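Position chain B against the provided structure of chain A, taking the given hints into account.
Sequences listed follow chains A and B, in order.
The first sequence begins at 1 in my numbering and counts up one residue at a time.
The second sequence begins at 1 in my numbering and counts up one residue at a time.
Please keep in mind that the hints were generated in silico from the structure rather than gathered at the bench.
This structure is a prediction, so every number in the text was calculated from the model and none was measured.
There's no promise every hint is true.
To be verified - Footprint (simulated), chain B over chain A, 3 or more residues, beta carbon under 8 Å:
(1) 30-44
(2) 254-260
To be verified - Covered by chain A, per the in silico footprint, the following chain B stretches (three or more residues, Cβ under 8 Å):
(3) 25-37
(4) 51-60
(5) 141-148
(6) 191-198
(7) 228-236
(8) 322-332
(9) 380-391
Yeah, the Cβ is synthetic: ideal placement off N, Cα and C, and Gly gets one too.
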Amino acid sequence: MNAERRARALAAMTDAGVDALILGREANARYVSGARRLWLAGARAFAPGCVLVAATGAVHLLNSSDDGVPSDVAFEHLYAITWNPANLMARLARIPELTAARRIGVDSLTPMMESLLVATFPDAELVDGQSVMLAARQQKLPDEIDAIRDAVRVATQALDATIAMARPGVRERDLLAHFEQRMCELGTTTAAFEGTFGHAFPSDRVLASGDRVVLDTGVLVNGYEGGLARTIVCDEPPPTTTPADDLFDALMAATRPGATGADLWSAWDASGAARPAQPIAHGVGLGFEPPVVGADHDPLVSGMTLSLRAERDGWIRRDTVVVTEQGAQRIFG
Amino acid sequence: MIPDAPDLARLRADRRAKLNGALAHKDAAATVLLGTTNVRWATGARVVAADHGRAARLRNIAVVVNGDAVPHLFTHTPDGVPSDHPADHVHAGFDLETDSGAAALVAFVSEHLEANGRVLLDEWTMPLRRAWASRLLHVAVADAAVNLMGEVKLVKTGDELACIRAAQRLNEEAMRDVFGALHAGMRQCDLSALFLRRVFELGAHQNTVDPIWEVMADSVASGPRSVTGDVVFPTVTTDRVLSPGDVIWVDAGITLNGYDSDFGRTWIADAEPKPAQRDQFRRWKDIIDAVLAIVEPGVTGGDLVRAAVAANGGSHRPWLPHLYLAHGIGVDSAEAPFIGTDLGPDFDETIVLRPGMVFVLEPIAWADGTGGYRSEEIVAVTDDGFELLSDFHYGPYA
Chain A
1 MNAERRARAL AAMTDAGVDA LILGREANAR YVSGARRLWL AGARAFAPGC VLVAATGAVH
61 LLNSSDDGVP SDVAFEHLYA ITWNPANLMA RLARIPELTA ARRIGVDSLT PMMESLLVAT
121 FPDAELVDGQ SVMLAARQQK LPDEIDAIRD AVRVATQALD ATIAMARPGV RERDLLAHFE
181 QRMCELGTTT AAFEGTFGHA FPSDRVLASG DRVVLDTGVL VNGYEGGLAR TIVCDEPPPT
241 TTPADDLFDA LMAATRPGAT GADLWSAWDA SGAARPAQPI AHGVGLGFEP PVVGADHDPL
301 VSGMTLSLRA ERDGWIRRDT VVVTEQGAQR IFG
Chain B
1 MIPDAPDLAR LRADRRAKLN GALAHKDAAA TVLLGTTNVR WATGARVVAA DHGRAARLRN
61 IAVVVNGDAV PHLFTHTPDG VPSDHPADHV HAGFDLETDS GAAALVAFVS EHLEANGRVL
121 LDEWTMPLRR AWASRLLHVA VADAAVNLMG EVKLVKTGDE LACIRAAQRL NEEAMRDVFG
181 ALHAGMRQCD LSALFLRRVF ELGAHQNTVD PIWEVMADSV ASGPRSVTGD VVFPTVTTDR
241 VLSPGDVIWV DAGITLNGYD SDFGRTWIAD AEPKPAQRDQ FRRWKDIIDA VLAIVEPGVT
301 GGDLVRAAVA ANGGSHRPWL PHLYLAHGIG VDSAEAPFIG TDLGPDFDET IVLRPGMVFV
361 LEPIAWADGT GGYRSEEIVA VTDDGFELLS DFHYGPYA
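Bound-form chain A, shown alone (with noise of 0.2 Å):
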C-alpha cells in the first residue's frame, strides 16, 4: 500500500508540475510515508515534517528513529525535531532535489516559515501542495478501503459495547469514557474525534429511562478514519429501524460517480426531513476528507469514500460507503 499510494502521490505532483512536497500535515505525512507519529490533538501550526521529492520519489522524514517507520523510507532520509530553525533549514537544505527544485508544494504555511523556505529555497516558487495531495488521497487502493473497514469495525464494536451499558444512572460522560477504553481494549488508543454521547461535549447529565441519546464516534486505525453514529432510548434494545433509515437509503441511492451535491440535497429534501446544521457527507480516508456536502461542489467519482449522516426528527445515523460504478456500498465493520 505504501508504494501504491506514493506512486498516485508522485503521478499527482506530475500532473500539477510541482518537484517537491514539503508537507506539514499528519494525513498527508502519513500517506506517502506510511510512518505512524505520534498522536496529538487538534490542528498544528505547519512546520516541514515530511519531504517527497518527484524526481527521486525518495521521502524525507521528521522522525529522530526508526520507530514506527516503514522499511522503504531510508534511514539515512530521517531528521530529528529541532527548535532552532536555522538548522531544520540547514537540515532541508541538505535534501540536493529540494535544492534544485523549482516549484515546491505546501500544504499549509505559517508567516515565519514563509519567509524561512523562500530564503532556503530562493529559486523556488512555494505552491499549493494540499490540492496536490488531495486529488492523490482522493479515490482509494483497494487496501485504504480494507484500512477503513477495520477502523469501522473497531468503531462499531466499541459503541455496541456502550450501548449496552447506556442504563438509567449512567452520566453522559461515562458514556464517552467506555466507549474510549473498549477502543483501546480493541488494539487502538487514537481517536478521529471524541464522541458526541449525548451532547458533542459529554457532559454530568445522568441518563433516564426513556431518554433519546445520540452516539457519535469516530476512530482511527493505522491513520485510516472509520465512524458511526446511532440513536437509541436509554433502557430500550437498540431500535432496529429509526426515522433515520429511510433517508439514509435515500443519501446512499443518490451517492454514485457523477452525483453532486445537489443530487444529495434534492434526496434530502425528496424526503421532507428538515436540513441539519451538519453536513450531510463528506470524504473520510486518513482522517475527515473533501468532498463536505454544503462547502464543495465537484462530482463524486469512483473510488472515493464518504461518511454519510441523516437526521430527522433528532434521530442520526452516520455510516460509511464507497462509491462505486454500481452506487454506493456501506463499510461494514
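Same frame as chain A, but now just chain B:
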C-alpha cells in the same frame, strides 16, 4: 498567588485585556488566529478534540481588532462558546480548506481593517493564502506566533496556574489507578484503556496526546535505530505485551478548561528496581533538586542548564539532544520557554524567570542496562521561589 480554583470569567477577561494591550503596543491593526490553541487562548471557546485533519476543517477562528476588547469568534461548535462572549462577536464558522470559506474570512477582515494596518496571523491554509493575495495583498502580514502569542502566553495569571494545577491533579488521579493496575501480561493499549476511561470519568475536557508507555530498550544499541545516537523517546503505543521487569517511561496529557497537564514518570512492571536502577533515579532526583534549588525570579534558563549539568557530573547534558531540559506549559502541552534546546546557550540566557512563568522539568538519567529514569515536574515561578504544580509519588523507585 495561585487561587484554589480558577475564576474562568476573570481568566478570559485578563487574557483579552493582555491581547489587546499587546496589539496596541505593537501597533498592529488586528490579529487573525487559526491555530487550535491560539484561538482557545484568545476566546476560551471549546472545540471537539480531533485529529489534525478534522480539527483544521472544523476549526474555530478568532479575529481581534486593535481597540475592540472582544475577539470575533467564528465557530462550527456554538456549544463551546463561553456564555460571557458577546453574541454580536460570535459568528458561524468558515471552512478555510475551501476557497469560499477563505474568501469569506478575508472579506470580514477587509471590512474591519483600518487602511494599511499590519496584521498578525498565525497560520495560512492554502485557500486563505490565495484569498488574501487577491484582496489584501497591500496589507503587511507578520507571524502571530512569533510576534504576539508567544509573548502573551509566557507569564501566567494565578487563574491560569490554577487551571494547569487542576488539569494535572485530574491526570494524576487517573494515573494512580493505572499505576495500581500495572502488571506484566497487560498490553500497552490496556494501560491507555484504563487511563482514558478514568480521565473522562473524572471530567477531562479532552485527551491531548496518545498516551505513551514506552518500554525502554536495555541499551541504546538494542533499541530503535536513533538518528541522534541517543536513547529513543517517545515511541508510539501499540498492543505490545508487557514483561516482568520492563522499564516503562510514561508520558500523558489531558486538557481541562483549556489548559494542559503533563504527566511523566518511570515505572517497572512487576519488579522492584535493582540497585543500578535506583542509582538512575537518585541521579535524576539530584538533577531535579539542584535545578529547583535555584529557581526564583531573575534566574536565567542558562542558570538552570548549568545546575542540571553540574548535578549530572559536569560534562553531559542530562536530556535528549533534540529536546530540552524544560518546556513551558499552558494551552499547549509544550510552549515557551524552551530551555536547553539547540537554540543554544545565548538563547537560554535570554530566558529570565519571572513570577507566573511555569515550566516542566524533564531531565533524563540514562545508563545502558538500567532502562534509565525520566520523570517530569511542573514548576511555577512565584515571587520568592517556586511552587510545584505536579504531585505524584516516585514508585516503585522511592
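Any hints from earlier that this structure breaks? Give me their numbers in increasing order, please. Those not satisfied are hints 2 and 9.
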